[in-house]
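Asker: Residues per chain are reported as follows:
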Amino acid sequence: MTLLQIKDLTQLFSGLCAVSELNLSIEKRELVGLIGPNGAGKTTVFNIASGFYQPSHGEIIFQGRNLAGLKPHQVSALGIARTFQNIRLWKEMSVLDNILVAQHFHLGYGLGSLFFRTPRYLKREREIRLKAMELLEIFKIDKFAEEKPGNLPYGMQRKVEIVRALSSGPKLLLLDEPAAGLQSTDVTELISLIEWVFEQFDLSIWMIEHQMKVVMSLCSRIGVIDFGRLIASGTPTEIQQSPEVIKAYLGDDQL
Amino acid sequence: MKRFSVPILLVVLLTTLMGLAWFEVIDLYIQTIILFMGINIITSTSLNLVNGNMGEFSCGHAGFIAVGAYVSSVLSVALFTKSRTFGAPLLPPELAAYGFPLVLIIGGLAAALTGLLVALPSFRTRDDYLAIITIAANYIIISTIINIDKIGGARGFMGMKRVIFAMEKCAEIPWMILWVFLFMVLSVLIIRRYMSSTYGKGVEAIRQDEVAAEIMSVNTNRIKLVTFMISSGLAGIAGGLYAHTIGYVNPKSFDLLKSTEALVMVYLGGMGSISGSIIAAVVFTLMLELLRPLQIIKWVAIPLLLIIIMQFRPEGIMGNRELSDIFPRLKKFYKFK
Chain A
1 MTLLQIKDLT
11 QLFSGLCAVS
21 ELNLSIEKRE
31 LVGLIGPNGA
41 GKTTVFNIAS
51 GFYQPSHGEI
61 IFQGRNLAGL
71 KPHQVSALGI
81 ARTFQNIRLW
91 KEMSVLDNIL
101 VAQHFHLGYG
111 LGSLFFRTPR
121 YLKREREIRL
131 KAMELLEIFK
141 IDKFAEEKPG
151 NLPYGMQRKV
161 EIVRALSSGP
171 KLLLLDEPAA
181 GLQSTDVTEL
191 ISLIEWVFEQ
201 FDLSIWMIEH
211 QMKVVMSLCS
221 RIGVIDFGRL
231 IASGTPTEIQ
241 QSPEVIKAYL
251 GDDQL
Chain B
1 MKRFSVPILL
11 VVLLTTLMGL
21 AWFEVIDLYI
31 QTIILFMGIN
41 IITSTSLNLV
51 NGNMGEFSCG
61 HAGFIAVGAY
71 VSSVLSVALF
81 TKSRTFGAPL
91 LPPELAAYGF
101 PLVLIIGGLA
111 AALTGLLVAL
121 PSFRTRDDYL
131 AIITIAANYI
141 IISTIINIDK
151 IGGARGFMGM
161 KRVIFAMEKC
171 AEIPWMILWV
181 FLFMVLSVLI
191 IRRYMSSTYG
201 KGVEAIRQDE
211 VAAEIMSVNT
221 NRIKLVTFMI
231 SSGLAGIAGG
241 LYAHTIGYVN
251 PKSFDLLKST
261 EALVMVYLGG
271 MGSISGSIIA
281 AVVFTLMLEL
291 LRPLQIIKWV
301 AIPLLLIIIM
311 QFRPEGIMGN
321 RELSDIFPRL
331 KKFYKFK
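Protein chains in written order, with my numbering: chain A, 1 to 255; chain B, 1 to 337.
Among these hints, one or two may not hold up.
Lysine-lysine pairs mimicking DSBU-like chemistry, simulated, CA-CA at most 30 Å apart [claimed, not checked]:
1. Lys-171/A / Lys-213/A
2. Lys-123/A / Lys-91/A
3. Lys-252/B / Lys-91/A
4. Lys-131/A / Lys-252/B
5. Lys-331/B / Lys-143/A
6. Lys-140/A / Lys-331/B
7. Lys-332/B / Lys-148/A
8. Lys-131/A / Lys-332/B
9. Lys-331/B / Lys-148/A
10. Lys-123/A / Lys-252/B
11. Lys-161/B / Lys-123/A
12. Lys-224/B / Lys-161/B
Quick caveat, the hints were computed from the structure, so don't treat them as lab data.
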């Protein structure tokens with residue numbers, strides 16, 4: 001069953017065509033990759049999918065619902081969560097608070113019950129906290145709950161960001177270059193982490209990645225874009241042999 | 001024990017203050033300084049919510065204080081006293097003691113609504129631009145008051161002392177100490193509860209990375225509006241208390257200088273720290289009074305002191321920490337939520 005469908009997506013930035021007529025779909029329980037040279041428009045696609053940009057043309061259908069006109073927080077409430085290329089955790093808040101805030105869309109209490117500390121408010125706050133702690137425990141980072149993310153090693157910050165994205169219970173997880181800036185040992189660890197997340201949680205993962213090792217070992221399907229156009233899509237082996245892809249990455253040998 | 005230590009401490013403090021005032025151990029001058037301290041605590045903690053916790057730069061806090069001061073003054077004078085402007089009291093003056101807190105709250109609500117009006121168009125901008133818009137809003141509010149002749153215009157508005165007298169007919173106690181104290185505790189409690197909830201933590205998230213907050217399901221626009229309204233509403237309550245403490249309001253006393261005083265208290269105490277704002281409000285009020293003999297030189301001495309403090313401690317007295325972060329042992333003795 002189709003989870004996310006992108007139809008004729010075009011994004012213009014005052015004349016510059018960042019994404020043009022992109023067609024893509026992601027099925028339920030699928031781990032898909034999106035690759036392409038620098039500046040190909042990969043992150044732009046993610047920014048549109050998470051509601052940060054409104055597309056110039058075309059539409060995005062998520063679980064049968066058109067995302068047009070929705071604000072990012074509404075999109076995330078529908079079940080699309082994401083991480084960022086450069087880690088964007090809230091640095092002055094504890095790891096636990098980072099996870100708590102990401103559950104904002106289903107707080108289940110109003111300002112009135114907040115100020116009067118009604119039983120409903122106290123119950124919901126306890127539940128939210130419990131859920132966050134559970135998640136931290138599953139990922140074995142509960143010992144860092146009170147730590148500021150800035151004090152953690154880079155690889156750990158990546159992990160926290162993925163946990164934060166998962167805490168909103170997404171159906172689709174967008175990972176924007178999760179391996180960027182990681183050492184090779186950390187990359188191996190990341191691959192098993194993503195694999196594990198995919199097995200444990202009922203969701204689809206769509207990832208942008210430059211390191212072929214990560215994409216090739218994880219993704220069942222890969223889309224390649226260059227200059228905002230989808231130039232190839234298929235299984236990792238198909239992609240590796242596609243002349244279009246080789247041309248995009250290595251250039252044309254007929255100068 | 002932990003749960004009751006703060007309420008007990010507050011009740012003891014209140015009864016001591018009221019007792020001292022009632023037996024005339026402390027004279028009216030010292031009472032007024034204590035009242036100003038309480039009012040300034042409301043001003044600084046409420047501004048801290050926007051400037052410290054949310055990281056926006058609001059420079060027009062005095063505008064909201066003015067709205068609260070005028071709305072509650074006009075209401076209380078019209079309702080409970082005989083005045084030249086409004087004629088006979090609309091309600092029996094005996095009700096003044098009960099009606100006063102309601103009047104204050106209405107002043108606060110009016111200020112919160114004004115805050116909403118300012119925030120709606122201006123929260124598309126940030127930083128310097130928001131600062132300029134809030135300064136403009138401050139001046140718009142003052143000019144509006146100056147041009148309403150019914151409430152005194154540039155001459156100011158008075159008659160609030162008679163409201164206090166009406167309350168004293170009910171019971172001969174130092175009413176203003178009671179009200180300032182109660183509303184100070186209430187507003188600190190509101191801010192504390194707001195900021196310690198998951199909802200309020202969204203405010204911190206907005207300061208640290210607004211884009212990430214929006215994408216991680218925080219409704220940033222709504223939270224910014226709500227926070228700004230809480231801040232301006234509490235400023236309005238501070239204004240109402242200020243007006244009834246002095247018994248006279250003048251649009252001039254809510255100009256940019258007043259806004260600057262509020263900003264100074266926030267930065268002196270430390271951005272985002274509630275206890276810092278409280279300490280700074282007390283220190284700043286004392287400083288203003290102690291240096292009063294210097295007269296005009298006061299306005300050289302105080303900025304100089306501030307420059308020195310900022311040179312040696314740019315993060316303010318408390319930084320962004322609370323009292324219980326600096327002395328973790330205190331946590332055993334009190335809980336304030």
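Asker: Does each hint hold? Answer for all of them.
Answerer: Going down the list of hints, with the structure as the test:
no. : hint                  : result
1   : Lys-171/A / Lys-213/A : 25 Å, holds
2   : Lys-123/A / Lys-91/A  : 28 Å, holds
3   : Lys-252/B / Lys-91/A  : 42 Å, violated
4   : Lys-131/A / Lys-252/B : 53 Å, violated
5   : Lys-331/B / Lys-143/A : 21 Å, holds
6   : Lys-140/A / Lys-331/B : 28 Å, holds
7   : Lys-332/B / Lys-148/A : 23 Å, holds
8   : Lys-131/A / Lys-332/B : 27 Å, holds
9   : Lys-331/B / Lys-148/A : 20 Å, holds
10  : Lys-123/A / Lys-252/B : 48 Å, violated
11  : Lys-161/B / Lys-123/A : 46 Å, violated
12  : Lys-224/B / Lys-161/B : 37 Å, violated
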